[in-house]
Amino acid sequence: MNKEVIPNRQAGAVMTMFLMGSTLILGVGFRAGQDVWLVIIIAGAAVAPFLAIYARILALFPEQNLYQILNTLFGPVAGRVLSLLYIWYAFSLGAMVMRNFQEFINIVSFPETPIFVPIMMMGLVCIWAVKEGIEVLGRWSQLMFIFLVVIIAVVIALSMEDADIDNMRPVAYSGFGAIMRSTFNVFSFPMAETVLFMTVLRMDRERNNPHYIFFMGVLIGLIVILMVSVRNLLVLGADLTENVYFPPYVAVTIINIGNFLQRIEVTVSVVFLFSGFVKISICLMSACMGIDNLLGLGGYRQIVAPVGLLLMITTCFIYKNIMEMSDFAFNVYSYYAFPFQVVLPVAVWIAAEVRARRALNASES
Amino acid sequence: MKKALKRGRILCVLLVISLLSGCWNYREAEEMAIVSGIAVDKEKDQLLVTFEIVEIKTGNEGNVQTQLISSEGKTMLEAVRKTIKTTGKKLYFSHAKILVVSKEIAEEGIIRIIDLINRDAETRFTTNFLISREKTAKEVFEQQVVTTNILSYELSDMLTSQRDLGYAYEMPEYKFLQELAASGISPTLPTISVRRENSQSFAEISGSAVFKGDKLIGFLTGEETRILLFIKDRIEGGVLVNTMHSDDGATNISLEILDNKTKMKPYYDGENITIQIRTKTDVTLDEIGGQGDYIEKDALAALKAAFEAQLEEQIVNLVAKAQQEYKSDIFGFGRSVKMNMPEVWRAIEPRWQEMFQNVGVSVACEINIKNSSILSEPIKVGD
Chain A
14 MNKEVIPNRQ
24 AGAVMTMFLM
34 GSTLILGVGF
44 RAGQDVWLVI
54 IIAGAAVAPF
64 LAIYARILAL
74 FPEQNLYQIL
84 NTLFGPVAGR
94 VLSLLYIWYA
104 FSLGAMVMRN
114 FQEFINIVSF
124 PETPIFVPIM
134 MMGLVCIWAV
144 KEGIEVLGRW
154 SQLMFIFLVV
164 IIAVVIALSM
174 EDADIDNMRP
184 VAYSGFGAIM
194 RSTFNVFSFP
204 MAETVLFMTV
214 LRMDRERNNP
224 HYIFFMGVLI
234 GLIVILMVSV
244 RNLLVLGADL
254 TENVYFPPYV
264 AVTIINIGNF
274 LQRIEVTVSV
284 VFLFSGFVKI
294 SICLMSACMG
304 IDNLLGLGGY
314 RQIVAPVGLL
324 LMITTCFIYK
334 NIMEMSDFAF
344 NVYSYYAFPF
354 QVVLPVAVWI
364 AAEVRARRAL
374 NASES
Chain B
3 MKKALKRGRI
13 LCVLLVISLL
23 SGCWNYREAE
33 EMAIVSGIAV
43 DKEKDQLLVT
53 FEIVEIKTGN
63 EGNVQTQLIS
73 SEGKTMLEAV
83 RKTIKTTGKK
93 LYFSHAKILV
103 VSKEIAEEGI
113 IRIIDLINRD
123 AETRFTTNFL
133 ISREKTAKEV
143 FEQQVVTTNI
153 LSYELSDMLT
163 SQRDLGYAYE
173 MPEYKFLQEL
183 AASGISPTLP
193 TISVRRENSQ
203 SFAEISGSAV
213 FKGDKLIGFL
223 TGEETRILLF
233 IKDRIEGGVL
243 VNTMHSDDGA
253 TNISLEILDN
263 KTKMKPYYDG
273 ENITIQIRTK
283 TDVTLDEIGG
293 QGDYIEKDAL
303 AALKAAFEAQ
313 LEEQIVNLVA
323 KAQQEYKSDI
333 FGFGRSVKMN
343 MPEVWRAIEP
353 RWQEMFQNVG
363 VSVACEINIK
373 NSSILSEPIK
383 VGD
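These protein sequence lines map, in sequence, to chains A and B.
Take the first sequence: its position 236, counting from 1, is numbered 249 in my numbering, and each next residue is one higher.
Take the second sequence: its position 76, counting from 1, is numbered 78 in my numbering, and each next residue is one higher.
Hints are computed from structural coordinates only; laboratory data are not their basis.
Values in this document were obtained by computation on a predicted structure and should not be read as measured data.
Treat each hint with caution, since some may be false.
In the EDC-like style, the derived pairs of lysine to aspartate or glutamate whose C-alpha atoms are separated by at most 16 Å in a straight line are [claimed, not checked]: (1) B:Lys265 - A:Asp179; (2) B:Lys263 - A:Asp177; (3) B:Lys263 - A:Asp179.
Some residues of chain A that are not near chain B, with every Cβ distance over 10 Å (derived) [said to hold, decoys possible]: (4) Asn21; (5) Ala61; (6) Ser122; (7) Ile159; (8) Gly190; (9) Arg218; (10) Leu239; (11) Asp252; (12) Val263; (13) Asn269; (14) Ser282; (15) Ala318; (16) Ser376.
Now the in silico label distances, taken between C-beta atoms and shown as ranges [what the hints assert, rightly or not]: (17) A:Tyr348 - B:Lys329: 44 to 50 Å; (18) A:Val283 - B:Lys263: 34 to 40 Å; (19) A:Ala170 - B:Thr77: 35 to 41 Å.
For glycine and all other residues, C-beta sits at the position ideal for the given N, C-alpha and C.
Please model the entire structure based on the sequences and the hints provided.
Here it is as structure tokens:
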């Protein structure tokens, strides 16, 4: 059982939590105004072939993660160089998510608390979780996922009193260009970020079905994101959604049922806290596994703490302020992530298929 | 050895709990001055901001008192922080429910006032905005309370209860911002004034303030506000009154609104926009102030027609007033064009300001009298 394999359902739950991560607090696709729902659906369709590629790569090499696959495919030197790229991506993504978390806490609740304090709290828990391994994260996600979905569903139901369906009209007014640009944003943040799961999951030949994991995980995540985004739009309207840093938080502050059920924005914080924790943990785990493979340490657990501390420190200086963070997340990130999410996986996939064919031919002849 | 390790662990846990569970931004309730309402006036080139502060006195019964504190500043935040000079406490805004702005400032632009309320994380997006019809906004807060201890909360209750009257409406901050930002609609805000009776005076919320962009350009009366709500499909209750004439003389009749549905539909003939407004109102015949029998079939039909004609006329008049006097699209005609004919809106948006003044309206009101309450006939008077 020490092979670090988790059942399909748990892996799917981790993926859904990962997708909810910072998305549910920053909001996505609002540059397209009232067409955000259209954008999310198109992005979901656009990401499907890539999910198939990610799953196929894992299926071709059971019991290996992406770093090991890279070594097998491209040899120890080129494989390690490519590994380095993914280590960097996982590490930087982890720092960005941690920063989102910190900025949120700092802006909405504790303006006077030094930024390192929330980062440290979150960071230590993540280090612990990653040390415990993917099995613990899987079990934890399976349990908490239900809890979060119930919270989100209840809060959305409560929001419906303030919803105005006119906020969704007219359909497709923002134009083809704006919709496509937003779709690209949603594709890269958060949909195709699931590329990191190639680096942390190992498929058991009998027990796992990578296609099921990727498609179910992303589908459920997409539905949750879609519902929350549409709720934001219905309550706040397109202009206001674009104006605020944390649309879901603001949308929930408006809830007031009979002067009794109000001020429940802590629910947004809880959802973000739990799902953000999963996202940061997966990023950290991916980086550690990569370094383990890069240096041949024979186990990633021993470097979790130093890498985690490094992640926490990087978080502190990665952006100067939230303006930079928001600008990077919505204007630059899509291009930054493109090679990791699209170019490299496609290259790996082609190499993997060629190799698989050769192996098949060799065994036949 | 093992026991020592266990003890060490428990010690660690206790240390973590005691050291890390506190809050950095910890604030005691007594150390804060809780603001319930804000009023903003202009004083020369500065803002004069008045805060209604709630003081909770401990005692046998929960005793709540309010106090007014004023302070000046070039910006809102400066004025807010300058109150520390007199209160010694930092103001806490999470419970502020009302913002009253004097008309003088609103005429110059309201953004200057509302940006802080909007941007700050402590203030809430559900704060209600009001425009003062009096000389200053401050004097509104100096009026007597009637049903509660805190005037601002009473004003907030008044706004909520207006759904049974329709002379004003709740305009929380986020709704105002939506209308301010949206193309094809100009925002309005409810207004507050002071009503003087004998030696007493009370705050009164009625009517609305018309904006163009973020600048105040005029007022509507309470009656007109109700018609505005009819057009915007936001009416939830209220009383319709009309006088009927018959052989028995004039009789005043009231209908109570149960429910209303308004549909706005734009038409474009290539040159001009026509807006079709259709209202469908369910009412109760609640009061017949005379002996004429208006419940009998023909009379009821006449009554219905008279009320419908009255409502139609009022709607047409209000639209004309907004077009000619204020030139401000407070009804959202532009937004209705945008929603129903997005391609037309793309073409006409730049010149909508001028076009709005020539928009034609066709109004059709339908009033359905659901019942005549528990009396089936007018009150009988014997000889």
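Consistency of the hints with the structure:
| no. | hint | in the structure |
| --- | --- | --- |
| 1 | B:Lys265 - A:Asp179 | 12 Å, holds |
| 2 | B:Lys263 - A:Asp177 | 15 Å, holds |
| 3 | B:Lys263 - A:Asp179 | 15 Å, holds |
| 4 | Asn21 | 36 Å, holds |
| 5 | Ala61 | 30 Å, holds |
| 6 | Ser122 | 7 Å, violated |
| 7 | Ile159 | 27 Å, holds |
| 8 | Gly190 | 14 Å, holds |
| 9 | Arg218 | 40 Å, holds |
| 10 | Leu239 | 22 Å, holds |
| 11 | Asp252 | 4 Å, violated |
| 12 | Val263 | 6 Å, violated |
| 13 | Asn269 | 6 Å, violated |
| 14 | Ser282 | 13 Å, holds |
| 15 | Ala318 | 16 Å, holds |
| 16 | Ser376 | 55 Å, holds |
| 17 | A:Tyr348 - B:Lys329: 44 to 50 Å | 46 Å, holds |
| 18 | A:Val283 - B:Lys263: 34 to 40 Å | 39 Å, holds |
| 19 | A:Ala170 - B:Thr77: 35 to 41 Å | 40 Å, holds |
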